[in-house]
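Chains as they are written, first to last, in this note's numbering: chain P, 1 to 596; chain Y, 597 to 880.
There's no promise every hint is true.
Sample of chain Y residues at the chain P side, in silico, Cβ under 8 Å [unchecked claim]:
1. Tyr746
2. Ala748
3. Thr760
A few chain Y positions that, by computed beta-carbon distances, are all more than 12 Å from chain P [claimed, not checked]:
4. Ala733
5. Lys769
6. Arg790
In case anyone wonders, no lab produced these hints; they're calculated from the structure.
On a predicted model such as this, the values are computed, not experimentally measured, just so you know.
C-beta: ideal position from N, C-alpha, C; glycine also.
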Amino acid sequence: MANKKVDVAIVGAGWVGGIIAAELCKQGLEVVAIERGHDRSTAQFQDDHDELRYAIRNELFQNTANETQTFRHNLAETALPIRQLGAWLPGTGVGGAGVHWNGQTWRFHPRDFQIRTETIDRYGASAIPANMAIQDWGITYDELEPYYDKFEYMAGIAGKAGNLKGQQIAGGNVFEGPRSREFPVKPPADTPLMALFRKATTSLGYHAFTGPTANLPTGYKNPDGIERGQCTYCGFCERFGCEVGAKADPTVTVLPVAFKTGKFKIINYANAFQVKNDGKTAQSILYYDSMGRVQEQPADIIVLGSFMFNNTRLLLNSKLGTPYDPATATGVVGRNFCYQAGGGGASAWFANEEFKRYMGAGALSCAIDDFNADNFDHTGLGFLGGGSITVGASGARPIQSLSVPPGTPAFGSAWKAAVQHYYKRVVSVGFQGESPAYQMHYMDLDPNYRDKFGNPLLRLTFDWQPNERAMIAFAGTKTLGIMQEMVPNGQVAKGGPLSPTSADLISGGPGSLPAHFDTTAYQSTHITGGTIMGADPNTSVVNNYLQMWDAENLFVVGAGNFPQNAGFNPTGTVGALAYRAAEGILKYHKNGGALV
Amino acid sequence: MTDEEQTVPPADPPGSSRMTRLGLLHRGAVAGVTGVAAGSLLGVGEAKAAPEAAPPPLQFLTAWEFDYVTAMAETIWPTDDLGPGAREAGVGYYIDGQLAGSWGKGNRFYLNGPFYTPADTGHGWQVPMTPADIYRAFLPGYDNYVRHTYGAGYPNLTAALQTTAMTDLQTGKASIPIGGATAYASSDFYALFRENVLEGMLADPSYGGNKNMVGWKFIGFPGDPMRHGDLYFEYIFSDKAYPFAGKPLPLQPAYAKQGVTAGAAATGSKTPANAASNKLMGGM
Numbered sequence: 001m002a003n004k005k006v007d008v009a010i011v012g013a014g015w016v017g018g019i020i021a022a023e024l025c026k027q028g029l030e031v032v033a034i035e036r037g038h039d040r041s042t043a044q045f046q047d048d049h050d051e052l053r054y055a056i057r058n059e060l061f062q063n064t065a066n067e068t069q070t071f072r073h074n075l076a077e078t079a080l081p082i083r084q085l086g087a088w089l090p091g092t093g094v095g096g097a098g099v100h101w102n103g104q105t106w107r108f109h110p111r112d113f114q115i116r117t118e119t120i121d122r123y124g125a126s127a128i129p130a131n132m133a134i135q136d137w138g139i140t141y142d143e144l145e146p147y148y149d150k151f152e153y154m155a156g157i158a159g160k161a162g163n164l165k166g167q168q169i170a171g172g173n174v175f176e177g178p179r180s181r182e183f184p185v186k187p188p189a190d191t192p193l194m195a196l197f198r199k200a201t202t203s204l205g206y207h208a209f210t211g212p213t214a215n216l217p218t219g220y221k222n223p224d225g226i227e228r229g230q231c232t233y234c235g236f237c238e239r240f241g242c243e244v245g246a247k248a249d250p251t252v253t254v255l256p257v258a259f260k261t262g263k264f265k266i267i268n269y270a271n272a273f274q275v276k277n278d279g280k281t282a283q284s285i286l287y288y289d290s291m292g293r294v295q296e297q298p299a300d301i302i303v304l305g306s307f308m309f310n311n312t313r314l315l316l317n318s319k320l321g322t323p324y325d326p327a328t329a330t331g332v333v334g335r336n337f338c339y340q341a342g343g344g345g346a347s348a349w350f351a352n353e354e355f356k357r358y359m360g361a362g363a364l365s366c367a368i369d370d371f372n373a374d375n376f377d378h379t380g381l382g383f384l385g386g387g388s389i390t391v392g393a394s395g396a397r398p399i400q401s402l403s404v405p406p407g408t409p410a411f412g413s414a415w416k417a418a419v420q421h422y423y424k425r426v427v428s429v430g431f432q433g434e435s436p437a438y439q440m441h442y443m444d445l446d447p448n449y450r451d452k453f454g455n456p457l458l459r460l461t462f463d464w465q466p467n468e469r470a471m472i473a474f475a476g477t478k479t480l481g482i483m484q485e486m487v488p489n490g491q492v493a494k495g496g497p498l499s500p501t502s503a504d505l506i507s508g509g510p511g512s513l514p515a516h517f518d519t520t521a522y523q524s525t526h527i528t529g530g531t532i533m534g535a536d537p538n539t540s541v542v543n544n545y546l547q548m549w550d551a552e553n554l555f556v557v558g559a560g561n562f563p564q565n566a567g568f569n570p571t572g573t574v575g576a577l578a579y580r581a582a583e584g585i586l587k588y589h590k591n592g593g594a595l596v
Numbered sequence: 597m598t599d600e601e602q603t604v605p606p607a608d609p610p611g612s613s614r615m616t617r618l619g620l621l622h623r624g625a626v627a628g629v630t631g632v633a634a635g636s637l638l639g640v641g642e643a644k645a646a647p648e649a650a651p652p653p654l655q656f657l658t659a660w661e662f663d664y665v666t667a668m669a670e671t672i673w674p675t676d677d678l679g680p681g682a683r684e685a686g687v688g689y690y691i692d693g694q695l696a697g698s699w700g701k702g703n704r705f706y707l708n709g710p711f712y713t714p715a716d717t718g719h720g721w722q723v724p725m726t727p728a729d730i731y732r733a734f735l736p737g738y739d740n741y742v743r744h745t746y747g748a749g750y751p752n753l754t755a756a757l758q759t760t761a762m763t764d765l766q767t768g769k770a771s772i773p774i775g776g777a778t779a780y781a782s783s784d785f786y787a788l789f790r791e792n793v794l795e796g797m798l799a800d801p802s803y804g805g806n807k808n809m810v811g812w813k814f815i816g817f818p819g820d821p822m823r824h825g826d827l828y829f830e831y832i833f834s835d836k837a838y839p840f841a842g843k844p845l846p847l848q849p850a851y852a853k854q855g856v857t858a859g860a861a862a863t864g865s866k867t868p869a870n871a872a873s874n875k876l877m878g879g880m
């Protein structure tokens, strides 16, 4: 027998589920979240400064034994399962990946939302490679701004505006879109390394600013009345839960607000696998309960708020929407699978100077945006797009933070000496690059491999393309230039034998990407697409309220909505879209019908 | 050819008295048995060390495997003038515990078939084996390779030859068939093993390695950041040196956490930065 029908049922209790639940419950709607994992709170993280358990053995992430993705580099290959976590770390459990994130909270540029239009306007249609499938979002930055604002004030994001109502402000990110008001919390101070980066980039004529952060530098009370204390800079953010609640996560922000209304319930250990539907209307969420029995949660409105892989898989398993076909570039579900390109960074190993690298916060950083998006002229460069350049102090947990100069042996006494000398003396400038969409990059159901319940795994088709290789090569020259300014006497390491302590060493120059995309090396969990938003039902799954074109009472929300990925961390935009969807759901609940 | 090369089979059956004795000798050294105590063990030929010096029982590795793994770990992180190596840190015990535990048994690995040898790079683990299976299958094959190539088992090679033999893994030069197939490259085992050694040197000592926090002391990592009190915020934004960088403290379970704020008071700290948050935590 089905559960009691509710107003709204949501798959997943992470940022998306939590934000939507809080907003709807405040308006008196009854909401149930179907969550495959267990309950979580700060109390569980009181002794989590354990790098092995959390960062290496992956305590907080999706269990790949139960469910993973298969991966291939091109349409001709047989996809192989990703048998252990590597390139990305999808979350699970209450709070989702919002529990283990770093807290870097960006707004995408106005150009990012109109990438196709603006690229053609500035460079002509021929500048876009034939197979590159970048498209506009169907929403503008200005339309999304109020929802960004809402997310930032709820989460207590610390930073300094670089553009207030169109007026550029030095010290903030002058390339950002206009903000309607200042950040809710003042930015943290500079660490010595951030100060070094700020000085170097400023003297090069770039525009340095403090990275916007969800790790509170001071106490904060948000509009919902939720009070949180300040960060301890323990250096255990990404891959860990925050034991003091200083890192904004759903369990210390929106979920308590939803619960307080008495209108919200989470069903734990419930694995949603299908949306029951008649092709036009979503009727219920089908899920396996903790005993593996099929259960049914009916609702007037259904929201898919799980991680982007799972949102796409749920639609495909539910036979909702037309699956994307890469041969003809028709269909929508699974379309425009994108990632992000790294590999354009630079590092320096100091002879003497030390940094307290083990101290930090996930989003404590200094950044420049001069080489992101279309903030610089691409004429003659041979690629589109760019990325953010940052120096971060996110905490050097030792197992993962032993960096030695190129040319150092990989083991033995010489390596050991370098490890000791450089643990506190290595600094890196990182590049987080855009990942444009391509016709052949998509997601569908794998024909060979299944999850623990017997449902097909999601199959990913993706590889690095010439545009990103050219972008990364370019980025590497820029980060090297910054590093040389930061370390004026640094010798650019060429490999070969080194005497580690005699000189400052730098590694950098034209960046490169591996021959093929590597599923084993962690890059980021910033994976996007599959349920993209847009203005045209032929090329998008949802409209700009994240309402599905093919089923008006179904909302699909998350990074899967990005038609292509920008050169920033995604959570700020995911949060904004969740607030936008909540508003759309309330409208739909009142009046019904298509919202666009 | 050494004595051991002639007498020790590659994969000695567990419980062989000679291997158990040899293994325990090495293990005794790991556990910090003095030269005198080790000598007495040799003389008596009986594996009974003093209770306080007794090494913990192995949970997965055989004595022969333990010996091998420990010698190989010493090549990665050797004992030298700069400080203790993997043997003294107990890396062999760390690896033993990991292989006996859920990770070694394939927890969180997707091991459904079918299995294929990847046509190109970037696909990672593609064998129907757990890490424990891999160690068990790989080490005898590697031992065979090392004996044929360098004339003795790894633990008995000179340090220089051990480095060469390890480099053969790193580069994939050593071809080690597992179950008649070579889908698992020796460079894959090298990467796995090296990572395990780093973990054994730098994970919390409760996992059996990083004994006396030798790894953390070596690089200057302070261990659990809050054990000396909530102090980082007083240091992170300045050039001021953190006084406890060389004095690490291990994880302390929440149920045992007492006197954290007392520690802060002792160093003249202000109210802990997280006091407000701690108050809030009751709400969730």
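Each hint tested on the structure:
1. Hint on Y:Tyr746 is violated. Least Cβ distance to chain P is approximately 17 Å, over the 8 Å limit.
2. With 8 Å as the threshold, the beta carbon of Y:Ala748 stays out of range of chain P, its nearest partner Cβ sitting at about 19 Å, so the hint is violated.
3. Look at Y:Thr760: its Cβ only gets to about 11 Å from chain P, farther than 8 Å, so that hint breaks.
4. Look at Y:Ala733: its CB is around 17 Å from the nearest CB on chain P, clear of 12 Å, so calling it non-interface holds up.
5. Annotated as non-interface, Y:Lys769 keeps its C-beta farther than 12 Å from every C-beta of chain P; the closest such distance is 14 Å.
6. Its beta-carbon lying about 6 Å from the closest one in chain P, Y:Arg790 breaks the requirement of being farther than 12 Å from that chain.
Checked against the numbered hints given earlier, this structure breaks hints 1, 2, 3 and 6; the rest are met.
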